[in-house]
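Q: Start from chain A and add chains B and C according to the hints.
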Amino acid sequence: MRDITKKREQRYSYGLALLRECIEKKRLWTNNEDEKKAVLRVENIDLSFGDLRALNNVSVDVRGHEILAIIGPNGAGKTSLLNVISGFYRAQRGDIYFNEEKITRFSSHKIAERGICRTFQNIALYSGLTVTDNIIAGRHPHINYNFLTGMIYFPWANREEAYQRAIAEDIIDFLELEHVRGSVVGMLAYGLRKRVELGRALALEPRILLLDEPMAGMNVDEKEDMARFIIDINEFLKIPIVLIEHDMGVVMDIADRIFVLDFGNPIAEGSPEEIKQNQKVISAYLGTG
Amino acid sequence: MNINRPCGTFDRNYFQAKELYRTPLRKTLLALFIIAMYVIPFVVGEYGISILTPICAFTIGMLGLQIITGYAGQISIGHAAFMGIGMYTVAILQKYFGFSFWLALPFSGLVAMAVGIIFGIPALRMKGLYLAFATLAAHFVIVYVISNWRSVTNGTDGMYMSRPGVLFGIDFTDDRNYYFLALTVTAIMTYLATNLARTKLGRALVAVRDNDIAAELMGINVGTTKVLAFGIGCFFAGVSGAIGGAYYEYVNVEWFGLDDSIWYLGFLVVGGFGSIFGAIAGAVVWKVMDELSTLVTPLTEALLGGAAFYASAAFSLLFYSLIIITFLVFEPRGISHRWEMIKRSYRLHPFPY
Amino acid sequence: MEEIIKSIVLGICSGGIYALIAVSYVVIYKSTRVFPFSQAAVLIIGAYIMWYCTIAWHIPIWLGFVITCAGGAILGMFVERAFMRPLVGQPILAPIVVTLSLMLFLRGVGILMGKGDVQGFGESFLPVGAWQFGFLHLPKIQIYAFLLCAVIIAALILFYQKTRTGLGMRVVHEDHVVAQNLGINVKRIFQYSWIISCIIASIAGMLLGNIQGVGLALDANGIVAIAAVLFGGLESFSGAIVAGLTIGILQMLTIAYIAPLLPGETTMMVPFVFLLLVLFIKPYGLFGLVRIERL
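If you're matching them up, the sequences are chains A, B and C in order. For the first sequence, our numbering assigns the number 1 to the initial residue and increments by one for each residue that follows. For the second sequence, our numbering assigns the number 290 to the initial residue and increments by one for each residue that follows. For the third sequence, our numbering assigns the number 643 to the initial residue and increments by one for each residue that follows.
Everything labelled a hint here was simulated from the structure, so no lab data went into it. Warning: the hint list may mix true and false statements.
What the hints assert, rightly or not - Part of the chain B face toward chain A, derived, beta carbon under 7 Å:
(1) Y303
(2) L418
(3) K489
(4) N500
(5) A503
(6) M507
(7) N510
Claimed, not checked - For each label pair, taking beta carbons as the anchor points, the in silico distance ranges come out as:
(8) W391(B) / A724(C): 49 to 57 Å
(9) I799(C) / R627(B): 42 to 50 Å
(10) K924(C) / Y327(B): 50 to 58 Å
(11) G417(B) / Q121(A): 56 to 64 Å
(12) F386(B) / R812(C): 39 to 47 Å
(13) N265(A) / R812(C): 34 to 42 Å
(14) Q305(B) / R812(C): 36 to 44 Å
(15) T462(B) / M719(C): 52 to 60 Å
To be verified - Negatives, chain A to chain B, calculated, CB over 12 Å:
(16) I111
(17) N144
(18) E213
(19) L237
(20) I254
Note that the coordinates shown come from a computational prediction; the quantities given were computed from them, not determined experimentally. All C-beta atoms, glycine included, are put in the ideal place defined by N, C-alpha and C.
Next up, chain A with everything else stripped away, as it sits in the complex:
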């Protein structure tokens, strides 16, 4: 850990270096061989609400360094799948392994601490906090002092706070949120809030990032920005990304692999080219045209 309290170390922007250091320490794979291995395995998941079958025997895995897109019509169970992975819904059957550790029965905050971080379809920010505080709040599990230390505000708590703030500013810098960093989130525009949410997920030092429709309701410029951030995160921080998205253009451009769901059933999996040719996918979702 850099000692950002030293004069020499203090600067305006670290260009994600601080966050990168944190993440690199915990990366699951080191060489290109491991890159092909699955970090997250979802095996035979069944999920139903009463009589409604939301997920039916779904298996999917996410490899060390890829962008996996999950597509499918509305109500296909995409968000439910992410909810099951992050422990918000409990699957009736099936298991989830993360880094060969079974996390099916873990509580949500433990899963988040393991490094499975996500954003939400309907923005779920802490609307009463400022942008900076939202991102620092995302760092909660990685702040190294207890509440008593915080209350008394010992010097080391002060240093830790400054360090966390440096990381947060780092992320703000990366996501180009500088102009709104002091604003209360509830008053921001939709596109900006989506970006803050991505920043909060990044602050949690993800080892895998689940993005639930990060580009919904954005215009072309904003979509391009968001796609750039996603690719940057994937390339520069080397974090695997699971992406739910309806914009086929974006998905075909940035995804390494695509997984297609239809009414809770997995119908196809493969590279964008394969998916484009797949008859089942065309009839269920893409359509001819």
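A: Same frame as chain A, now just chains B and C:
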């Protein structure tokens, strides 16, 4: 564009970025305010001190409620009962175990904290209104136990307790010196609450308040956070009870009925939700209104037909509740919000936004 | 055994009124999502209006009943229009604190109306006396009050099921914004809920006043009924009815079995301890709506 910052102040490092009092002017004003609070008792005399000391006690309690309700968003309709636990803890420890006030003071907070955590455990499973009723139930249970466990608490007759004696040559049985003690404790507790609000746990509390599902999915243990909020808030309530009870050197279970819990919540909202300033403002308004109502009572008794006892009982109820209701209808975000708006318009002065 | 049966029968009788009060909470909570603590004090106001009509002004009972209902309706309308409507859309704490303060405000009004004393009705407006079934000694007042409560609740449920306004209220219960978009006047529905609820609470108040005497202690019944509402689940009429009866039985059993063992007002305390236990096992009450949370 951060409009909560005075013009022309820039951060050179991350330590400055999170300072609460950034400009020399504000630091001076804070120092002056603290000095003024210590000088005031020499100016206002006996009557002033008799108002200021309870304000100190209520401020501590209000800070506790602010942590539970304002920051963590868990509505507590039993806060006065936890204050009562603090009072009775001091009284019981002094009577049966011969503790001095100094030793009993931390215990008052700790016992209230333990009870608060016990009644906060339902927060692990409940949310919103259901939890509010669990605290209401806590209120009834606590008051029931205190008023019926006669062998220990002396029932509804109340208990006597003593102020701290002489320490470092300061005689705390004197009202003015006791005020200094109360003020010092209040200052310490305010400092603790302020730091709590701006560090790790404080952010987690607000996260739980604003979006508990997202908080859980973003690595915050919501259950523990809620229970901790109850514990810390009740610790404050216990200390506030100890300070307030020792001032009157007497405690009675009548002092913390359901009414008082409701006034606590009401004046918290009058003061402002989710800010330390709001808690202090709420406590000050409460005590000032209390004094006003005792001043006006003779007048209203004449108006309401004779000096009947019921008229004054009704009057204080009507007076408080009307203040809270009118305040909420016209400024639901409380004094602190209004104060922020005044500051903002002052900073932006010639421009409206 | 006799004691238990007696407790249960009497408990059901007194539970009828709890069910009625609980329903008056549910009516408002269902449509406005604000919990009306003030209804506990509306009981006192209703009882005092009836007392003034019959005892002080010697108005016939049926007219007194109508006047009390009208008084309740006006009170409900005024409260909704003056205090609750400005708070629509404000942080949830504000309306809760307002209803809590209103409870104490109305209590203060009650003190002024009754000059601080407990007043009796002198002559009950329901038949007095008792029926004797073997070992069961059933006061007629209780039975008639129970029947009246049952009729009112049945009428209310019919209103919800059959009328257009009732349909509107059910829609508003589902979602305020959707209801507004469907062309339902949500504000008017809020007003109707407050009016209906206050009428019900005043009726419950006068029944209770008839049984227990008119005084400030009546709002204790309202607070016990809060336990009933929670126990049944905040949004369900059937829950409120079942829970009201259960709380009534529980209180009678408390009087029979627990009160001799413990000092003080156990009848107030036991329902709340019971409530804590129930909520711990079923956090949304017996019939409460468990919403599947979505992200």
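Q: Determine which of the earlier numbered hints do not hold for this structure and return their numbers in increasing order.
A: Per hint list: 2, 11, 12, 14, 16, 17 violated.
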